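Undergrad: Residue numbers (my numbering), protein chains in the order written: chain A, 38 to 150; chain B, 3 to 116.
Think of the hints as simulated: they come from the structure by calculation, not from any bench.
Just so you know, these numbers come straight off a predicted model, no measurement behind them.
Heads up, the beta-carbon is just placed ideally off N, CA and C, and yes, glycines get one too.
Treat the hints loosely; a few may be bogus.
Beta-carbon label-pair distances, calculated as ranges [to be verified]:
id, chain 1, residue 1, chain 2, residue 2, range
1, B, 84, A, 150, 31 to 39 angstroms
2, B, 80, A, 57, 23 to 31 angstroms
3, B, 58, A, 100, 43 to 51 angstroms
Below, in silico cross-link-like pairs of lysine-lysine (DSS-like), each with a Cα-Cα straight-line distance of 25 angstroms or less [to be verified]:
id, chain 1, residue 1, chain 2, residue 2
4, A, 89, A, 77
5, B, 19, A, 81
6, A, 78, B, 111
7, B, 115, B, 73
8, A, 78, B, 3
9, B, 59, A, 73
10, A, 77, B, 111
11, B, 73, A, 78
12, A, 77, B, 108
Each chain, letter by letter, is given below.
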Amino acid sequence: DTAVSQTPKYLVTQMGNDKSIKCEQNLGHDTMYWYKQDSKKFLKIMFSYNNKELIINETVPNRFSPKSPDKAHLNLHINSLELGDSAVYFCASSPYGLSYEQYFGPGTRLTVT
Amino acid sequence: KNQVEQSPQSLIILEGKNCTLQCNYTVSPFSNLRWYKQDTGRGPVSLTIMTFSENTKSNGRYTATLDADTKQSSLHITASQLSDSASYICVVANYGGSQGNLIFGKGTKLSVKP
């Protein structure tokens, strides 16, 4: 019974392509997040959605577009991939906002060649 | 500027020994502080989450402390095990509810050797 799941786990693609990463949580949480972890293992929040509504949008290129079809799903679409986008992307969820602990997915390792 | 600084950057200890990891923050206004454990190749897992009024919290062999006056936190690991080898990340939330932000430290990489 995976709480927060992501697909795919690994993604290798060429520069300029468009790709999506999917995230689903079965915890009934209201808030979902996307994080990027770079090669130095530094985690940085990218987006946060609460009940399908964007509440945090850090400074990321507009090539990154989150989409939340319902509160259990938060997908990340990336246009015109660049070498610097190579990283591990984590999805997370929490019951409501930042007052509660977050549950992270297993991560998606994106490699852009 | 909101910042979270962790020390040491890396640490090697022998199995069975104790250790303490440090976290200093300059985040305002403060909502809560949490410690995460991240195994290699996995997502972070929450160990503790503390609000302003809490100064210590335990989760098994992990004990976190918080001094809101000096803006310092520590994570003490007792009787370390090989499975404790991981990165430990300190995160501070400001505001709360549905608004605000999370400020991440760069983590401490702990290696427990037999």
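Undergrad: Hint by hint, say whether it matches the structure.
TA: We went through each hint and held it up to the structure:
Checked against the hint of 31 to 39 angstroms, the pair residue 84 of chain B and residue 150 of chain A passes, with Cβ atoms roughly 36 angstroms apart. As the Cβ distance of residue 80 of chain B to residue 57 of chain A is approximately 44 angstroms, the hint placing it in 23 to 31 angstroms is violated. One distance hint, 43 to 51 angstroms for the beta-carbon pair residue 58 of chain B and residue 100 of chain A, holds here, with the actual separation near 44 angstroms. Among the hinted pairs, residue 89 of chain A with residue 77 of chain A is inconsistent with the structure: their alpha-carbon atoms are about 31 angstroms apart, more than 25 angstroms.
Straight-line distance between C-alpha atoms of residue 19 of chain B and residue 81 of chain A comes to about 32 angstroms, which puts the hinted pair past the 25 angstroms bound. A threshold of 25 angstroms between alpha carbons decides the hint, and for residue 78 of chain A with residue 111 of chain B the separation of about 10 angstroms falls inside it, so the pair holds. At roughly 31 angstroms between alpha-carbon atoms, residue 115 of chain B and residue 73 of chain B are farther apart than 25 angstroms, so this suggested pair is violated. Between residue 78 of chain A and residue 3 of chain B the alpha-carbon distance is near 21 angstroms, which keeps this suggested pair within the 25 angstroms criterion.
Taking the CA atoms of residue 59 of chain B and residue 73 of chain A, the gap is near 28 angstroms; set against the 25 angstroms cutoff, the hint is violated. Distance restraint check for residue 77 of chain A and residue 111 of chain B: the Cα-Cα separation of roughly 11 angstroms lies within the 25 angstroms cut-off, and the hinted pair is therefore satisfied. Straight-line distance between C-alpha atoms of residue 73 of chain B and residue 78 of chain A comes to about 24 angstroms, which keeps the hinted pair within the 25 angstroms bound. A hinted pair counts as satisfied when its Cα atoms are at most 25 angstroms apart, and residue 77 of chain A with residue 108 of chain B qualifies at roughly 8 angstroms.
Of the hints listed earlier, those the structure fails to meet are numbers 2, 4, 5, 7, 9, in rising order.
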